[in-house]
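Asker: Residue numbers (this note's numbering), protein chains in the order written: chain Z, 1 to 345; chain U, 1 to 345; chain B, 1 to 345; chain P, 1 to 345.
Keep in mind that the hints are not guaranteed to be accurate.
In this list, chains with the same sequence are indistinguishable; a pair is considered to hold if it fits within one copy or across any two.
[Unchecked claim] In silico lysine to any residue, SDA-like type, Cα no more than 20 Å apart, as pairs: (1) K204 - S302; (2) K270 - G23; (3) K30 - R64; (4) K79 - E257; (5) K204 - M1; (6) K59 - E255; (7) K279 - N140; (8) K264 - S302; (9) K204 - F298; (10) K279 - H208; (11) K270 - R3; (12) K263 - K279; (13) K94 - K165; (14) K59 - N106; (15) K279 - T56.
Derived by calculation from the structure, the hints in this document are not laboratory data.
4 protein chains.
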Amino acid sequence: MVRIGIVGATGYAGAELVRIITGHPEVELKILTSRSYAGKRFADIYPAMRNVVELTCEKYDEDRMCDLTDVIFTALPHKLPMEIIPGLVRKGKKVIDLSADFRFQNGSKYEEHYQPHTAKDMLAKAVYGLSEINADKIKNAELVGNPGCYPTSVLLPLVPLLEKKLVDPELLIADSKSGISGAGRSPLLSTIFCEVSESFKAYKVAEHRHNPEMEETLSIAADLPVNITFTPHLVPMSRGMYTTIYTCPFNNADEEEIHNCLKKYYQDSKFVRLLPRGKVPDTLFVRGTNYCDIGVKFDSRSNRVILLSVIDNLVKGAAGQAVQNMNIMMGYDEAAGLLNVPFPL
Amino acid sequence: MVRIGIVGATGYAGAELVRIITGHPEVELKILTSRSYAGKRFADIYPAMRNVVELTCEKYDEDRMCDLTDVIFTALPHKLPMEIIPGLVRKGKKVIDLSADFRFQNGSKYEEHYQPHTAKDMLAKAVYGLSEINADKIKNAELVGNPGCYPTSVLLPLVPLLEKKLVDPELLIADSKSGISGAGRSPLLSTIFCEVSESFKAYKVAEHRHNPEMEETLSIAADLPVNITFTPHLVPMSRGMYTTIYTCPFNNADEEEIHNCLKKYYQDSKFVRLLPRGKVPDTLFVRGTNYCDIGVKFDSRSNRVILLSVIDNLVKGAAGQAVQNMNIMMGYDEAAGLLNVPFPL
Amino acid sequence: MVRIGIVGATGYAGAELVRIITGHPEVELKILTSRSYAGKRFADIYPAMRNVVELTCEKYDEDRMCDLTDVIFTALPHKLPMEIIPGLVRKGKKVIDLSADFRFQNGSKYEEHYQPHTAKDMLAKAVYGLSEINADKIKNAELVGNPGCYPTSVLLPLVPLLEKKLVDPELLIADSKSGISGAGRSPLLSTIFCEVSESFKAYKVAEHRHNPEMEETLSIAADLPVNITFTPHLVPMSRGMYTTIYTCPFNNADEEEIHNCLKKYYQDSKFVRLLPRGKVPDTLFVRGTNYCDIGVKFDSRSNRVILLSVIDNLVKGAAGQAVQNMNIMMGYDEAAGLLNVPFPL
Amino acid sequence: MVRIGIVGATGYAGAELVRIITGHPEVELKILTSRSYAGKRFADIYPAMRNVVELTCEKYDEDRMCDLTDVIFTALPHKLPMEIIPGLVRKGKKVIDLSADFRFQNGSKYEEHYQPHTAKDMLAKAVYGLSEINADKIKNAELVGNPGCYPTSVLLPLVPLLEKKLVDPELLIADSKSGISGAGRSPLLSTIFCEVSESFKAYKVAEHRHNPEMEETLSIAADLPVNITFTPHLVPMSRGMYTTIYTCPFNNADEEEIHNCLKKYYQDSKFVRLLPRGKVPDTLFVRGTNYCDIGVKFDSRSNRVILLSVIDNLVKGAAGQAVQNMNIMMGYDEAAGLLNVPFPL
C-alpha cells in the first residue's frame, strides 16, 4: 500500500483529505500534522471520526514525514508550502499542494497577488492540477499545484469553449457563490452563525486572488491574454459552490453547438456531469461528492450564453480533486476512493 | 383615520402588509380577506400575531370591502386582481396591487408573458409604483402597480445611471439571488426545508417574467429599447434579495462619477442607502426593513462597473414599497409606518 | 449477488435505502417502486444520483417483485405494508419493513394507536429490528419490523440499564429533538423553509405513536409494564435526532456504574459509540452514518441520571438500521455497506 | 426626555438594547461604550443601523457617563459590572445590569458559581428583574439584576404553579434549547457556521450557572429549598429559546386547574401569552418580540405535567426585559418601546 501523509490535517480541506484517504482502497494514511493540534488525537478534534481514525496529530518534521510516506498532501495557508515542499520533492516524494504556492507557472503573477516566492525554481516542475484539463501532465508530475475552488468551477465549463473558439474571450463574467466552509475553520466574526444566517453578500469584488489564477489557464485555452470579471459571494450554507458565467457566442455558435462541445469534451469524464439542455445545477446534488455539474442556457433576446457550474468546494474544489490528481499520478483508476454514493439530501 | 383593507392577507406579502399597517400611525386596518382561510382568525394562521391582530379573515365581497375601507391593497396571484380592481377603482377606492397585473403600460407585453388582460383600459390609469423613481406620478394615482422584487433591486441602481448615460445600455447583466419567501407560502417540493438547506440554484434562467418588467422601465430611463440578461437564483435563507449587476461605463465615467450620480439621485431618499465606496451590501443589514442598500465597484482590469443592491424581498420588494406608495398617494410622510428600527441580527 | 427490491423508493427513507444498497458490496439493487413517480428515472427525481443509479421507478407488482428479488425493503406509509407483505413472505422473500405495521408484538396496541391490523397472524413471525438488542432473533427472521427513529434513540441507552436494574423504571422521561427530514418529503406548510428556519417547537406532546412502541421494548427490558413520558420536538436542520433522557439511579448506582454497564453492553458494537465520561454527543458527528453516540451525565444535586443519545434519523433511525438488519439476516458482516467514512462537516 | 447610556453596547445584548432604546418614545440614547470598538461609529459595527444610529462608541468613563445620562444599562461580561456599578448608583443613577453580578440575593451562592463578589453590600439593594413576578419591588429599585435567559423561560411558567402548590417541587426538570446568539458575538470555534449548521447538542449538562439562579427564585416561590435538573442545548438558529419542563401535579391538580392558575396569574400581563389548551409554542412566533408564550400539556398515562415556554433570548431573555424593567422603574407604560409588531416570518 502506498503510504500517505497529510500536512495541515485539521483545517477543513485537511480533514476532508483525511476522510477521503481513509476510505481509499489503494493507499494507507500514515501521518497527520497540525500546527495547532499537535499531540491531540484527530478523532478528538473531529469527533465524527471516533473509531474510524486512530492517528494523533504531530508537529511537522521533514525526516519523519519522509520516512513514513510516499505521497504527501499539503493543506496549509499560502507561504508555508513553498518553505517545506522543495525539501520533500528533493527526497523523491510526490507532493500535492492545496495552496496557491505552486499554481502559477508565472512566478511574477504570484508575487503580484501574494508575496515573494522563495521556491520559484520549482514552479516549472509543478503542474496545475485541474484534473480534467491537465491529466496528461499530471500523470508524470512530482509536484501538483491543486487549483482553487473558484477557478475549478469557472475553468471546467469555459476551457473547452475557449479552446474551440465558441465563446467570446473579451466578454467573460463569472458570478460565483460559495458556502461558508470556504472561509476555513478559524473562528472569525464574519463566519459565526448569527452573522451568516440570513446573510448573503459579495466580498473582494474584482479583487479576489483567484482571479489571476483563472486568467492564466483561460489565456492558455484562448491562446491570447484574457481578462475575466469575477465576483465571489458567500451563501448561508456549509458546502457548495455555484458559478454563473456570462459570455457571448462566437462564430455563430448556438446553444446546441455549445452543449455538444462540452458533451464531447467530457464524454469520458467520471466527474463532470453535463446536464441535459434545459436543466440547471444545484449545489445540493453534488454535496459531498467530486462531481462538477454543468448547465448551459442561451439568452436569445440578448444573444448571450449562460453557463452554470456547481461543485462541492471542499471536494472537487479542494481535497477530492487533490486525490483525483494523486490517482492520476500513481496510475490508479482516476476515481479510486472518490465514488462514495451521493446523499439524496 | 384612513381605513385599510387587504385582499389576500394570508400569503407572505399579505401578512407582511398586515404587520406594517398594524404599526402604521395614520391608518387603521379594517378588513382582511383570504380565499383559503375565510372564517379563521388571522392570529390563528400567524400565531406571532396573538394579542396583536384581532381580525378574522373573510371571503372577498366587493360591497363590504368598499363600505369598510378607503384604501385597498391586493396581494393576490396574477390574474385575480384584474378581475376585482376595476370595480374598486370605479367606486372611488385607491388601490395598490402587488401582482403584475397593473405593472405594464404596454398591455401586449403583459399578454406575451402572462395571459390575456381583461382590464386593459385601466393600464393607462395605473402607475408603476417604483417609489423613488415615480413619486410624482404616484402622488396622484388611483391605482398603483407595485413593482416586482427583482425589478426593484435592479432598477434602483440602474435607472439613474442610464438616465445620465453613464453606463452602457447594451451591456446589462443582472445576477440576482432571492431568499425562499419569494416563492410564497404554498407548500412545494422545491421549498421544503430539506430541499432548500445546503441548496443554491438558478431557476428560470433568462426566462423569468420579471425580465420584461425591468426592461420597460430601463428602456424609459435609457430612452431606447433595452435588453437585460437576467438570472434569478434561490438562496437558503428566508428573506432578502441580492442583485449583482454587470455593465460598462459610458462616456468615460469612472467609479467616482458613477458613485456621485447615485449619491445625488438618492440624497434625499429615506430608503435608498448608497454605501461609501469600497463597501458592499449584505442582506442581513436590510432584513425586515424598507431599505435598499447599494454598493458600487469598478473592475479596472476589464473596465466594467459592478453594482450591488440589496433589499428585503417582502418589504422594499413587496409590502413595504406598497405602503410607501400609499403614503405618497395619501400625502403622508413617505416613511410613515416604515421606520421600525432594524435588528442587529 | 443477492438481489434487492425497494418498495416506496422515492421518500427520504427509501432514497436513503437506494444510497446505501447502491454502495453495498454483497447485494445488487434490481427494482424500485414508487406510487407517485412510476415511469420516472430515479436519477431524475434525485439528481444527485445522475450517472450513479440507472433504474427507473415502477408501479408495484407482486409477481415482478418476486421474480427479480431475494430481499425486499418496504418504505411505505403505515397500512400499505400490511397489505403487501404477507404475499411476499408467503413466496419466501425476506422482508424488512420500515413502517410501524410489524413493530408490535401486541396487535391490539397497534390497533389502539394506528388502525385495524389486517395481517395480525404475521405479527408473531415478525421480529422487532432493534439490531443491537435483538440480533439473535433477527438472524433467523423472515420479516423484520424496523424500529422508529425516536424509539431507536431512546431504547439503545435505556434497555441495558433497565435490564440491569440500574435506573428507575418509574421515572423515565425522554425529550427528543428531530431534524426536519423526519417529516418526510411530501410538501407541508409545516415543513417549508420559511416556517422551519428560526423555528423550534414541540409537537404531539405525550401523544406521539412512537410512545407505545418504546414502551413495549422498555417493558420487556424492565420485566414489568413501563411508562415513559415522551416529547418530540423539531429542530431547524435536515438530518439528526437528539434524545435527552431523565431518570433516577437505582440500587445506588453511580455514574461510573452506569457508564460501565453501557460500556460492557456495547463493547463489541460497531455502531454504538459510548462517549467517554464528561463528553456529550452532537448530531453533526453522526450525520450520514449509522452510528448512535451515547453520553452519560449525573446531576448529583438532584440525584438524577441524564442520558444523551444521537443518531441520524434517516440512517440508524431508518434505512441504515434496515440494512444492518438485512446484514444480520443474511449472515453478512453486520456493518457491510454501512461504514462510509463520516464527513468532518 | 430621560437620557440613556449603554455600557457594552456592541455585544448582541447591547446592540439589541440600542435597537429598542432607539425606538422608545420616552427616552433618548445619549452614549454608548465599548471596550473593543471605542472610536468606531456604532453603524459601522452594525451596518443595519446606517442612517438610524449616529453615535460613536466611547471608552467607558464614569464621570462622562454620569454627566450624560439618567439611566444606565450595563451589558458586560460577569465581573466587570460589579466594579463599575457601585460608583454609578452612588451618584444617583438608576442601573439595569444584564450580567449575573446582581441577580443573587445570596452572595455566597454567587461566589460558589462565579467568583468573589466585590460589591456584596449592594446585593441587598439590587432587585431581581423578573418583571412579571417582581414588578412591585422593581418599581422602587435603583439597581436591577436582569435575569438570565434560561431562568426567564423556566421561572415564568413555574413560579405561579409553585406558589399555588399545584406542582411537585421535588420533581422539576427543565430541558432548554437556545439559539446561537446566546453564545455572544465573540468568534468561537463552537459558534462558526459550519460547526453549528446541522448540529444540535447539549452543553454544561447539570452544570450551567443559570441553575442556581433559577433555584433561588423557585425556592422563594415554593417556600422551601428546591432543586431543578437543568440541561441546556444549542439549536442551529440565531434567536429563540425553548424550555420544556417536566413535573408532577400536586394536590390532584388536573390540566384545567394548572391552565387556569397560569391564566389568572398572567391575565393582565402584556407579554406573557398563555396559549389555549392543546397548543404548543414555537420560537418563530416570538422572534424579535418581548413575548413569552406558554403552553400546558398533561401526560395522563404517567400523570405528569409538561410546561412549554418560549422567548426570544435577546429580547425577553435580555434587552427587552431590561427595558421592561426600566419602564417599571420610571413609571412608564410597562410596554413602552416594546410593542413592535411581530414579523410573520
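Asker: A separate judgement is required for each hint: does it hold in the structure or not?
Answerer: These are the hints, each one checked on the structure:
no.	hint	verdict
1	K204 - S302	between (28 Å within a copy, 16 Å between copies)
2	K270 - G23	both (18 Å within a copy, 17 Å between copies)
3	K30 - R64	within (11 Å within a copy, 49 Å between copies)
4	K79 - E257	neither (43 Å within a copy, 39 Å between copies)
5	K204 - M1	neither (43 Å within a copy, 44 Å between copies)
6	K59 - E255	neither (53 Å within a copy, 36 Å between copies)
7	K279 - N140	neither (37 Å within a copy, 46 Å between copies)
8	K264 - S302	neither (26 Å within a copy, 31 Å between copies)
9	K204 - F298	between (28 Å within a copy, 11 Å between copies)
10	K279 - H208	between (29 Å within a copy, 15 Å between copies)
11	K270 - R3	neither (25 Å within a copy, 26 Å between copies)
12	K263 - K279	within (14 Å within a copy, 41 Å between copies)
13	K94 - K165	neither (36 Å within a copy, 57 Å between copies)
14	K59 - N106	neither (32 Å within a copy, 49 Å between copies)
15	K279 - T56	between (45 Å within a copy, 19 Å between copies)
Against the hints set out earlier in the document, violations occur for numbers 4, 5, 6, 7, 8, 11, 13 and 14.
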